[in-house]
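Q: Going down the list, the protein sequences come from chains H and E.
All letters in the first sequence, in the order written, are residues 52 to 160 by my numbering.
All letters in the second sequence, in the order written, are residues 21 to 132 by my numbering.
If you are wondering where the hints come from, they were derived from the structure by calculation, not from laboratory data.
Remember, predicted model here, so these are calculated numbers, not experimental data.
All residues carry an ideal CB built from backbone N, CA and C; glycine is no exception.
Among these hints, one or two may not hold up.
[Claimed, not checked] Chain H is faced by these chain E residues, among others (derived, beta-carbon under 7 angstroms):
1. 51
2. 62
3. 63
4. 65
5. 120
6. 123
[Claimed, not checked] The calculated label-pair distances, taken between Cβ atoms and stated as ranges, are:
7. E/30 / H/130: 23 to 31 angstroms
8. E/37 / H/67: 45 to 53 angstroms
9. H/108 / E/37: 42 to 50 angstroms
10. E/125 / H/107: 20 to 28 angstroms
11. E/132 / H/106: 45 to 53 angstroms
12. E/37 / H/65: 46 to 54 angstroms
13. E/27 / H/66: 36 to 44 angstroms
[As the list claims (entries may be wrong)] Taking lysine to aspartate or glutamate and the EDC-like style, the derived pairs with C-alpha atoms no more than 16 angstroms apart in a straight line are:
14. H/157 / H/66
15. H/147 / E/79
16. H/147 / H/78
17. H/147 / E/120
18. H/157 / H/132
19. E/73 / E/93
20. H/147 / E/115
21. H/147 / E/76
22. H/105 / E/120
23. E/90 / E/47
24. E/90 / E/74
25. E/73 / E/92
26. H/147 / E/74
27. H/157 / H/61
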Amino acid sequence: GIQVEQSPPDLILQEGANSTLRCNFSDSVNNLQWFHQNPWGQLINLFYIPSGTKQNGRLSATTVATERYSLLYISSSQTTDSGVYFCAVPTSGTYKYIFGTGTRLKVLA
Amino acid sequence: DAGITQSPRHKVTETGTPVTLRCHQTENHRYMYWYRQDPGHGLRLIHYSYGVKDTDKGEVSDGYSVSRSKTEDFLLTLESATSSQTSVYFCAISEATRIDYTFGSGTRLTVV
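Looking at chain H on its own, in the form it has when it is part of the complex (with noise of 0.2 angstroms):
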């Protein structure tokens, strides 16, 4: 099946720093998702982004799906920016999708 990496694991950034993450998959995907689940548990779905580039705020997400990589970019960092960071895509043909195990974020005051 379809495997998801992501990277870094960890990230540890002062406030106020900008940062890259990223998430490669290893078949062609249609979509890809990006979540952050903050220190309660919660799971709030970011961006959902097929292809091209999304803005939303401080955040922003560009997919390049023929080369199988997506990435997440998180300006300005603040403290409630930490937590972790989930990509995921469907695998082929169906709604299932596949998470990635995490880019965990710590931005400090």
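Chain H is fixed; fit chain E onto it per the hints.
A: Same frame as chain H, but now just chain E:
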């Protein structure tokens, strides 16, 4: 999360007992999913449903069964709980035409 509720939020049960977790939605979304989250594994799909009485297996379905008798409810049953099923269980919903997920708040299950 608004529109999707999981119950119970926490449960401790003994090995060998059956356990049922409930996911309830008020969004009338067609698709519903059960995931488990374990350290080092991210989220793994257990079962999903694409309509009333229509379900399919995910990556880690052994030891679990599901039922969906009405649009709003998706039940996950551990037929005979084992310690390896200690985990946090998340339910998610999605619309067919809008694939983005909405997750519930999770159920923390401990099997002793």
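Q: Hints first: check each against the structure and report whether it holds.
A: We went through each hint and held it up to the structure:
1. 51: holds (6 angstroms)
2. 62: holds (4 angstroms)
3. 63: holds (4 angstroms)
4. 65: Hint holds; residue 65 of chain E Cβ to chain H Cβ min 6 angstroms, cut 7 angstroms.
5. 120: Interface hint status for residue 120 of chain E: holds (4 angstroms vs cutoff 7 angstroms).
6. 123: Because about 4 angstroms separates residue 123 of chain E from the closest Cβ in chain H, which is inside the 7 angstroms limit, the hint holds.
7. E/30 / H/130: 23 to 31 angstroms: holds (27 angstroms)
8. E/37 / H/67: 45 to 53 angstroms: holds (51 angstroms)
9. H/108 / E/37: 42 to 50 angstroms: Once the Cβ atoms are compared, 46 angstroms apart, the range 42 to 50 angstroms for residue 37 of chain E and residue 108 of chain H holds.
10. E/125 / H/107: 20 to 28 angstroms: holds (22 angstroms)
11. E/132 / H/106: 45 to 53 angstroms: Taking Cβ atoms as reference, residue 132 of chain E and residue 106 of chain H lie about 47 angstroms apart, which means the hint holds.
12. E/37 / H/65: 46 to 54 angstroms: holds (48 angstroms)
13. E/27 / H/66: 36 to 44 angstroms: holds (37 angstroms)
14. H/157 / H/66: holds (9 angstroms)
15. H/147 / E/79: Roughly 9 angstroms between the alpha carbons, so the hint for residue 147 of chain H and residue 79 of chain E holds.
16. H/147 / H/78: Roughly 14 angstroms separates the two Cα atoms, so the pair holds.
17. H/147 / E/120: holds (12 angstroms)
18. H/157 / H/132: holds (8 angstroms)
19. E/73 / E/93: holds (11 angstroms)
20. H/147 / E/115: The given pair, whose Cα atoms are some 13 angstroms apart, holds under the 16 angstroms limit.
21. H/147 / E/76: holds (9 angstroms)
22. H/105 / E/120: The hint holds at about 14 angstroms.
23. E/90 / E/47: Holds, at roughly 13 angstroms.
24. E/90 / E/74: holds (10 angstroms)
25. E/73 / E/92: Answer holds: residue 73 of chain E to residue 92 of chain E is near 12 angstroms, not above 16 angstroms.
26. H/147 / E/74: holds (14 angstroms)
27. H/157 / H/61: OK: residue 157 of chain H and residue 61 of chain H at ~8 angstroms, within 16 angstroms.
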